[in-house]
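Peer 1: Listed below, chain by chain, are the residues.
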Amino acid sequence: MILYEMKGVKQVFDDRTVLDINHLEISAGRSYALLGPNGCGKTTMLHILAFLRPPTCGVVHFRDREVDWRKKFLTALRRQVVLVDQHPIMFTNTVLKNVEYGPRMRSVPAGERRKIAEECLDRVGMREFAPRPAHLLSGGETQRVAIARALACSPDVLLFDEPTAGVDVENQAVIEGIIQDIRKENGISVIFSTHKRLEASRLAQHRIFLFEGKLTGPGGENLFSGTVVKRNGRTVCVIGGKVELDVSAGRLGPARVFIKPEGIRILRPDQEPHKPSEGLVSAEVIQLTAEGDYVKVLLDMGVPIRALLSREEARLSRFLVGDRVHVAFEDGAVQVSA
Amino acid sequence: MDFLIQSLSSALNMIWSLDPEMCFIVYISLYVSFFSTLIASILGVPLGFLIAVNRFRGKRAVITVLNTLLALPTVVIGLFAYAFLSRRGMLGFLGLLYTPKAIVIGQVILILPWVAAFTMTAISRIDERYRDTALTLGATGLSASLAVAREARFGILAAIIAAFGRVIAEIGIAMMLGGNIKGFTRTMTTAMALEHNKGEFVLAVALGIVLLTVSLLMNIVLQLAQGRYGENR
Chain G
1 MILYEMKGVK QVFDDRTVLD INHLEISAGR SYALLGPNGC GKTTMLHILA FLRPPTCGVV
61 HFRDREVDWR KKFLTALRRQ VVLVDQHPIM FTNTVLKNVE YGPRMRSVPA GERRKIAEEC
121 LDRVGMREFA PRPAHLLSGG ETQRVAIARA LACSPDVLLF DEPTAGVDVE NQAVIEGIIQ
181 DIRKENGISV IFSTHKRLEA SRLAQHRIFL FEGKLTGPGG ENLFSGTVVK RNGRTVCVIG
241 GKVELDVSAG RLGPARVFIK PEGIRILRPD QEPHKPSEGL VSAEVIQLTA EGDYVKVLLD
301 MGVPIRALLS REEARLSRFL VGDRVHVAFE DGAVQVSA
Chain D
1 MDFLIQSLSS ALNMIWSLDP EMCFIVYISL YVSFFSTLIA SILGVPLGFL IAVNRFRGKR
61 AVITVLNTLL ALPTVVIGLF AYAFLSRRGM LGFLGLLYTP KAIVIGQVIL ILPWVAAFTM
121 TAISRIDERY RDTALTLGAT GLSASLAVAR EARFGILAAI IAAFGRVIAE IGIAMMLGGN
181 IKGFTRTMTT AMALEHNKGE FVLAVALGIV LLTVSLLMNI VLQLAQGRYG ENR
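Note that the protein sequences, when read in sequence, are chains G and D. Take the first sequence: its position 33, counted from the start at 1, is 33 in the numbering used here, and no numbers get skipped. Take the second sequence: its position 93, counted from the start at 1, is 93 in the numbering used here, and no numbers get skipped.
Think of the hints as simulated: they come from the structure by calculation, not from any bench. Here the structure is a predicted model, which is why all the values come from computation and not from measurement. We treat Cβ as the ideally placed atom computed from N, Cα and C, and that holds for glycine. Please note that the accuracy of each hint is not assured.
[Claimed, not checked] The following label-pair restraints were derived from C-beta to C-beta distances: (1) D/I42 to G/N186: 43 to 49 Å; (2) G/N186 to D/L43: 43 to 49 Å; (3) D/A162 to G/W69: 23 to 29 Å; (4) D/R125 to G/P304: 35 to 41 Å; (5) G/A290 to D/E128: 50 to 56 Å; (6) G/G253 to D/T140: 46 to 52 Å; (7) D/E128 to G/D64: 28 to 34 Å; (8) D/R153 to G/G302: 51 to 57 Å; (9) D/R125 to G/V229: 28 to 34 Å; (10) D/T64 to G/D15: 52 to 58 Å; (11) G/S27 to D/R125: 37 to 43 Å; (12) G/G8 to D/R125: 34 to 40 Å; (13) G/R30 to D/R125: 38 to 44 Å.
Here chain D stands alone, though its shape is the one from the complex (with noise of 0.2 Å):
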């Protein structure tokens, strides 16, 4: 117990003195989360809204795809990623592998079925009659699609927050594609990891600390973007 008190104590101290390193490996794990975030939302968006309201031939193999891409580990795209971005895959000549740039490619890869099926089923939950009274109003297809988007705003920033919070906790393909190399790639995850085969607790419980304090203030946003109409609903 005593030791448990006392790794939490050092921990809040080096939390509170702003350790360079330990940010640092805030900053790195920001970063990479961020930016597959924000490729992910680009991309998972459209194609989440596009599924939902297009009738295809093959739709719902689509979304039986999307849904089991869900479930896909960290250490299987951390490992089909490798294989492209080494030195003797395809992509091995950009040299991109065990920088934080072949994480986030990684971590587009995993959230990017989160994002857009999570979309795809906000947008399907909104009523129809939003899309025809926007084009009965005079709006154009893409005016109408956004109109619908606008209402299903919610369900996607929470889809947007759902796959950010995966990416940040996430630890295979930080640890496959980054290689965990301090000052460069060494996230919260994987910088935890090591320093629990190390025995050192301190700085993994203050990084836990800090991961835990990212999850809390992007619920906190969520609950604010939603407070206005969300409450009234």
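So here's chain G without its partners, still in its complex pose (with noise of 0.2 Å):
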């Protein structure tokens, strides 16, 4: 069953877009990991979902309904969803009260809320916080009473917006587990934003790529903001200012980048390029990680850019995390888009 759609969704703040989103489906009872840097719409989008704000133009269908934006529709819209901040705030009032505030909304009596409180505060291991003034509790104690404040509304959908940002690590770990258990006990569908890569590997089946406010489709890496100029004669692509990558002839000026992370091949400094015109960028290797039958390869060549090797050519290569190495691109692996 398709959860949400969106067709034509733009949210324009101050005349600057920051979500374009052409169309998109989310089905329903799955997991969802919304990935991007910070500003590509990731919040926006989230405010969008959970019908707290409405799209400057487009269409948003909720459960195959076209979502009505006027006010008086969107309680029991919102009463569905339930949005868990990445700072989440919390109400001056003991933590057992801020957990009761949902329920208290839906007007549920005060006996069944107060074990309602208490159940999804025992979820989240906060039970014995239950007396304690909530807005004193630490960042990840803070974030744990918001999703047992979230559950106790029993929602068919649960947003979260960076989970685990700013959290230490004991409390990130609880976090994610306790994602991963909502969604496989209760059946809550789960869109959670992270720029964390492996965070939306170990909790969701979907991944959704935002980068500047638009899908970018499967991958999502290596997508950059630069200007390509004439220089020499060559034209190219300047990446932070830094990084300078051959393009092909195209529009001067502000551009999209685009690098396919399989398009990216590693040489060590003895190793010759396969054709001599093939420009060269230094890189040091930052990460290497196993991702199915590949293994991928943070370099640092002034920005961060991820490769993905076959097992076999990474065995093959031998470099090591902290090799300085040369990137070369394939006829292809760098698209440039205005």
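Once you've looked at the hints, go ahead and assemble the two chains, each given alone in its own frame, into the complex.
Peer 2: Listed below in structure tokens is the structure:
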């Protein structure tokens, strides 16, 4: 069943388009990770999915019905979806009263809502914190109470905005465990934003990549803002003011650059490029991660870039973390769009 | 110096013996101040809230006008209200001039901008995420507004107490609209001015002590209200 469908959704703040989704479908009962760098529109998208902000234009369907953004229709929709903020804010009250807030808004009798609140606090391991003032908790504890507060609303959809950002490792593991359990045990649809790719792989069945407010399709890595300029008779794209990549002739000026991870070749300094004309960029190996049949290599060439090698390629290349290497790009690996 | 000590001693005796004239003056003062603060709060708190949370054309102009009204002199209000309430005025037929109700009307005009402006400031300082949190947890628009107001409760309470302090200590409106009629509209401040003119300081000093005590009590109430969560914020 389709839970959300977004068509031609745009969000514009002060003449700046922060979200521009052509078409997106999200299925019910699944877990999704919204991935992308800071400022790519993740939070804006979550606010639309939580029915907190109407988009500037476009249509959102929720459970096959078009969302009517008039105030009188929104409370009923919001009662099916709860958003847990990146830095959740607690009402200046006890932890228990905070968790009881959702059921109270749904007119659940006092005894029952207390029971619900205690059960939810139990679930996140915060039962003993019930009588404490909620606004005095640490970051990790606040995040856990915020999850309990969201669970107490018995939502069909749970949205998390960077649930483990700014949380210590111990609480991070607990929060990730809770998110996994929520979907498995309760069948709640979970959508969370993150810029941690490993977290997305661990927790989500599907990944949605955003870059500068737009969906970028599978991969979603190696996306940069750059400027295409002519230099010494070559057309190059300058990324981050440091890196210059040869690109096929195109419109000069600001551009979005996508580098296919599988189109990147990593050469040891003593290796020769396949073609003498091939431009090489110097880089340092930062991280090696196994991803299924592949090995992902994180390189620092002035900007972070990810290359995807087969396990065999990785084994033969014999480089280690910290090694200096040369990076070459296959034809068509560097794609530039306006 | 002896004169001051003697006046102070006689004033304390007057307070201790609960002098009926003094008690009635205090009662009238508290009565008009309570009702003017109550009415101004009922009108001013929602007004300040609406200005703070809504975006509308001319909002800056409204805020500027509101802030200007904070400096409105009491005698100006007294004069304008007198023009309306006097027998020749538009509302003269109501016969309100020189009654406690006339003082209440004037004082409401005086402190309504205070309550509205300080409520607006208190609400504006509240993190916008409180409203979003309440809404995402299933609150209606009204419930979410109440949740925000609850977070701003100390600021709103401080606004109300400041407004009460302003009216209980003002003299212009009480004098011009109340007329300082003994046993009817004589308030602490008008009585003190009259006693001073007469050269009788005992009642004036006694009322001064009561006035300061009332202010002290109001501040203690505010401190107690803030105590539980205020200390830890």
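Peer 1: Using the Cβ atoms, figure out if D/E128 sits within 28 to 34 Å of G/D64.
Peer 2: The hint (28 to 34 Å, Cβ to Cβ) holds, given that D/E128 and G/D64 are roughly 32 Å apart.
Peer 1: Does the Cβ distance between D/R125 and G/P304 fall inside 35 to 41 Å?
Peer 2: holds, 39 Å
Peer 1: Do D/A162 and G/W69 keep their Cβ atoms within the hinted range of 23 to 29 Å?
Peer 2: At roughly 40 Å between Cβ atoms, G/W69 and D/A162 fall outside 23 to 29 Å, so the hint is violated.
Peer 1: D/R125 and G/V229, beta-carbon distance inside 28 to 34 Å?
Peer 2: violated, 47 Å
Peer 1: Quick check on a hinted range of 37 to 43 Å for G/S27 and D/R125, using CB atoms only.
Peer 2: holds, 42 Å
Peer 1: Can you tell me whether the CB distance of G/A290 to D/E128 sits inside 50 to 56 Å?
Peer 2: This hint is violated: roughly 43 Å between Cβ atoms.
Peer 1: Using the Cβ atoms, figure out if G/N186 sits within 43 to 49 Å of D/L43.
Peer 2: holds, 47 Å
Peer 1: Honestly, do G/G253 and D/T140 meet the 46 to 52 Å range at C-beta?
Peer 2: Cβ of G/G253 to Cβ of D/T140: about 49 Å, so the range 46 to 52 Å holds.
Peer 1: Can the suggested window of 34 to 40 Å be confirmed for the beta-carbon pair G/G8 and D/R125?
Peer 2: Holds, since G/G8 and D/R125 (Cβ atoms, about 38 Å apart) stay within the stated range.
Peer 1: Falls inside 43 to 49 Å, the C-beta gap from D/I42 to G/N186?
Peer 2: For G/N186 against D/I42, whose Cβ atoms are near 45 Å apart, the range 43 to 49 Å holds.
Peer 1: Against the range 51 to 57 Å, how does the distance between the Cβ atoms of D/R153 and G/G302 compare: consistent or not?
Peer 2: holds, 53 Å
Peer 1: So does D/T64 sit 52 to 58 Å from G/D15, Cβ to Cβ?
Peer 2: Once the Cβ atoms are compared, 27 Å apart, the range 52 to 58 Å for G/D15 and D/T64 is violated.
When the structure is compared with the earlier hints, violations turn up for hints 3, 5, 9, 10 and for no others.
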